[in-house]
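**Q** Starting from the known structure of chain A, fit chain B onto it as the hints suggest.
Number of protein chains: 2
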Amino acid sequence: MSVGKRVGIVGATGAVGRELMELLESRNFPVEELRLLASPRSVGKKLPFRGESIEVREARAEEFEGLDFLFLSAGGDRSKEMAPLAAKAGAVVIDNSSAFRMDENVPLVLPEVNPEALAGHQGIIANPNCSTAITLMGVAPLHQRFGLKRMMCSTYQAVSGAGATGITELEAGVRAWSEGKEVEPSTFPHPIAFNLIPHVDKFLDSGYTKEEVKMRNESRKILSLPGLPVSCTCVRVPVFRAHAISVFAEFEQEVDVAAARAAIAAFEGAELIDSPENCEYPMPLNYSSKVACGVGRIRKDEALENGLAFWIVGDQLWKGAALNALQIAEHMI
Amino acid sequence: MSVGKRVGIVGATGAVGRELMELLESRNFPVEELRLLASPRSVGKKLPFRGESIEVREARAEEFEGLDFLFLSAGGDRSKEMAPLAAKAGAVVIDNSSAFRMDENVPLVLPEVNPEALAGHQGIIANPNCSTAITLMGVAPLHQRFGLKRMMCSTYQAVSGAGATGITELEAGVRAWSEGKEVEPSTFPHPIAFNLIPHVDKFLDSGYTKEEVKMRNESRKILSLPGLPVSCTCVRVPVFRAHAISVFAEFEQEVDVAAARAAIAAFEGAELIDSPENCEYPMPLNYSSKVACGVGRIRKDEALENGLAFWIVGDQLWKGAALNALQIAEHMI
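Line by line, the protein sequences are chains A and B. First residue of the first sequence: 9, per our numbering; consecutive thereafter. First residue of the second sequence: 9, per our numbering; consecutive thereafter.
Isolated chain A, as found in the complex:
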């Protein structure tokens, strides 16, 4: 058993923060002390952890003193402000925002894919974007086997990616529908129940969204393929908490479906679910609150040389956020 760690969570009351607390407990992370930190409006709330009740305190620099790990999940602006303070106070900061992901002094880590990047950290470690993390759990093993040359991804992203209010907005939309009513969207730009919104995060002048650009840039950094051609279309779908990605990928070497399946099956954190004859393939309902990401529908791509088409599903709140952050910490102790 490791020595107990003093752990802080900023954004403890959010969707990711709550999953993180659950995972710290269920995965027996050696927590000696847990400090739950949030914005002033959540101060005083009490959250359960290991049968006790912990009161939320305000996220201020003094609270970072003595921490071994600080998990930051309160948006990019809060991260930019707090991460350097916490790192200076001696904590290892694992940041769930996009604030530091492309900073060359900050490792961006999927522990199963590029754990070696942790070696050079300077106190701040970035947790990848949710769609990127889940996509790479299927792409990385195939890259290791065949050498990735380019990829095109279309996402099917769950509402949990927009936080707790994303989940309640889908619930409210569906309940309103069942009563013959409508609800005004607030978290999403349009109603999400029974709809598809091809718009995740803000639009850039290029016509791509920030989410689509994150998938490109973060994939390049994590895979150490700085010039990798990547195109993405990111779409919000009426699913609660697991993202799916349809990938068309071209490789350097000749591909083989059996070898691709074997590479997925052998990769830690990925699961091969690929028996079409039995209607078996990964789906969001089977990949909610699940550690592994599922990969299936693997076949030769018919439009790319040495191409594979496949389908990946993973829990947005877990591998896409809280779980991967915790796995980074687990990897470091």
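DEER-style ranges, computed between Cβ atoms:
#, chain 1, residue 1, chain 2, residue 2, range
1, B, V191, A, Q152, 36 to 46 Å
2, A, Q152, B, A127, 51 to 61 Å
3, A, A273, B, H339, 44 to 54 Å
4, B, A270, A, P56, 51 to 61 Å
5, A, R58, B, D213, 51 to 61 Å
6, A, A274, B, V191, 29 to 39 Å
7, A, N294, B, R269, 32 to 42 Å
8, A, Q261, B, R269, 36 to 46 Å
9, B, S214, A, K53, 48 to 58 Å
10, A, V299, B, H339, 48 to 58 Å
11, B, S214, A, N294, 21 to 31 Å
12, B, N286, A, R14, 43 to 53 Å
Selected chain A positions facing chain B (in silico; Cβ < 8 Å):
#, residue
13, M160
14, R183
15, N203
16, S214
17, G215
18, R224
19, V238
20, T241
21, Y289
22, P292
23, L293
24, I306
25, D309
26, A317
27, W319
Here are the simulated SDA-like cross-link-like pairs (lysine to any residue), alpha carbons at most 25 Å apart as the crow flies:
#, chain 1, residue 1, chain 2, residue 2
28, B, K53, B, E71
29, B, K210, B, T173
30, A, K157, B, G215
31, B, K189, A, A184
32, A, K308, B, G235
33, B, K218, B, H198
34, A, K218, B, D264
35, A, K308, B, K157
36, B, K157, A, R158
37, B, K308, A, M110
38, A, K210, B, D264
39, A, K218, B, S283
40, A, K218, B, A266
By construction, these hints were calculated from the structure, which means they are not laboratory data. Note that the Cβ used here is the ideal one computed from N, Cα and C, for glycine as well.
**A** Same frame as chain A, now just chain B:
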């Protein structure tokens, strides 16, 4: 005003048949007589048309006598049996099944894309697969402008594609969820509410589904590009009646987003909805019971040479089925 036509519908009580009756009425198709035909179990049902009530009769060869047009929408086996009989009786058969689509003696027609194919018909005309029809309403104008070289499509397919029971199964699944219950799927292989099923139509040995192969083969035939490289992943989503498709396409000529937008805007049956700055892009909720297909999110593809990434949405029951069938008949009179 054209001379009145004697029209038959086989599959009148199905989802597509009902839309067809509505469209015959709302588009003022010159119907002199309407014969509603179906399997024995639907005989005797009465359906409204132009303020009258028409009784459903059994679909038998005698009923085809004297018809100008017969719309067949009762599955491939019924089509194979009935289409030749009706054509022999002198009707122009417009068949919504996959039975004749790849038959070289049968035109496969999107009237806005390849109306010239109608010229050589021998009594049977095939209506394209729903995903193919909607995809090509966005792809064809870009092909005409830049010359299509290859394309990769990921679909987001509504439950209406599985017929009336697909719609009721999504409704039932969502109502059960709101009551804290579950329902056994029967139309789909898995629950569809809040889920994604990467499986539309049957699997083939290649690992592709029939739906994915239809999109490839029918696109090649309609666009007269017999060797076109096409890869598709087809996914059922919890949306009622509009399909969406995320496309990555490579072209022969240099592409330009402004020219691409102009080509879409100028194409009959397509609508350009592409103002990201105003959160405007096509979505299923806006493209249900709509004649045009919407195209948006047009931008340069970052992984293909001369590539464009874009997003198409269209009504599965209309452009994907009943409307296109009727447009074929309209084109012929």
